[in-house]
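**Q** Sequence:
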Amino acid sequence: MLQVQVIRQNREEVIRRLRVKNFKNLELVDEVLSLDEDRKRLTQQYDEGRATLNRLSDQISTLFKAGQKALGEEKKGETTTVKQTLGEVTEALQVAEARLQESLVLLPNLPHASVPPGNTPGDNELVRDSGTLPVISGTPLPHWEIARIYQLIDFDLGARITGSGFPVYRDQGARLQWALIRFFLEFNRSRGYMEYMPPLLVNPATAFGTGQLPDKESQMYFVEGDQFYLIPTAELPLTNIYRDANLKAEELPIRMTAYSPCFRREAGSYGKDVKGLNRLHQFEKVEIVQITHPDQSYEALEGMVRHVEELIGLLGLPYRILRLCGGDMSFASALTYDFEVWSVGQQKWLEVSSVSNFETFQSNRMKIRFRDTDSRPRLVHTLNGSSLALPRIVASLLELNQGPEGIRIPGPLQPFFGNDRISPVP
RNA sequence: GGAGAGAUGGCUGAGCGGUUUAAAGCGGCGGUCUUGAAAACCGUUGAGGCUAAUAACCUCCGGGGGUUCGAAUCCCUCUCUCUCCGCCA
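For the first sequence, counting from 1, position 379 maps to 380 in the working numbering; every step adds exactly one.
Check before you lean on any hint, since a few could be wrong.
Derived pair list, reagent style DSSO-like, types lysine-lysine, alpha-carbon separation capped at 30 Å [stated by the list, open to error]:
#, residue 1, residue 2
1, K77, K66
2, K70, K84
3, K76, K66
4, K66, K84
5, K249, K368
6, K368, K217
7, K25, K217
8, K368, K25
Distance ranges between label pairs, derived from CB positions [stated by the list, open to error]:
#, residue 1, residue 2, range
9, K249, E28, 36 to 44 Å
10, D373, R20, 27 to 35 Å
11, G272, L34, 40 to 48 Å
12, E28, D373, 34 to 42 Å
Since the hints were made in silico from the structure, they are not lab data.
Glycine residues also receive a C-beta, built at the ideal position from the N, C-alpha and C atoms.
When you get a sec, could you build the whole thing from the sequences and use the hints?
**A** Structure follows, in structure tokens:
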């Protein structure tokens, strides 16, 4: 959520930036400013009414204590009109505040100055890649074939138990999941991230805090009876750990990591996009979150990009890093880097991580503040990234490392998997 | 699921219709003293709105609503915590 004060002071700049993000409803900016004027005007009227009423109450109190009952009763009469006006003003003020809020939450975050313009994935900017793409002798199989032959993942069984997009991992396939999860967590921990195991269902306030509500409501599974959302990412519970917090500057930065299953309805997806592990309704992911001083968030973002890059490098996967264009960025983000790994079996890039700086967009909603020396509390910056999402890593890994002797497991992962290869089923 | 008790400032905790503009203690910050520190003493110390303002005014005692001239205090409701019963990995 943008801060009204920022919009008021930088109206032109705000509109210019929203254009970069391909935001169409630009009239909303002036609407917000006008609604804020209403709010200020009504607030002033409300304050004056309250002040009058407070004075009268004091006078009545004094009169009754002095035993002047008749005069006291007379004063009471005077409050009637004040109260009536105050009641009307209060109602109007509440409406004005609600309207302002409703409009304000519809404005996406402003993109950072380095965000390239554009509207499609083709407009994303290549930051760097791992070099020449590997060539596999023979015809490399796609991961769903490998998963079938080695009996690692059963998509049909999952479809019968739940529905499409809910695969069942079996034996070496299941163990590979846990090996990757533990490997990712240990790597994150070694770089100062505190490990958490958070709730997988969250309430609306939490989903609002990180920006999924109201923007992404239809993408989340909802538990009707208890009004809970199944988390689409551990970002929600992790970042909300610090909701309403008043931090000290020396407590920053805060680094957190957690593994969680992620649940996404993915309404509107179809065709080869959802083949195999490419797009699932339930998948495993390890997330990293940082809460930083506003002056240090971009440094932190670059650090997170290097962190994820190193992790993918340890798995030996071909990758590239993209800076997302304005139109391809998420609602809440100010700057996002996407990581893609190469699928040699499908001959295409697969997104495995998205690393973003949200600046104060989330912290303004969650009221995460910190106090610098002798200043008033200020909003922190929040960042997060995948480190990493499993399915497409598994897809790339299986396809790249297939061979006659089985699937080779990258060295750094072997201690977690307990073997140097996935063996053929006897 | 049933019955009861509770939720107050960074923490502990008093207040249970009107000098509460929220006591007191702890913690934090500043000062006196000291070579320095500790102790002691003195002062200061929540958030938000409006604002040029660290001025005035207004709001906030878990959330929401109500009664009253006036609510932390009374009533309703929701959420959460604790105790007991039931159920249960």
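**Q** Could you work out which of the previously given hints the structure breaks and list their numbers from low to high?
**A** The structure breaks none of the hints.
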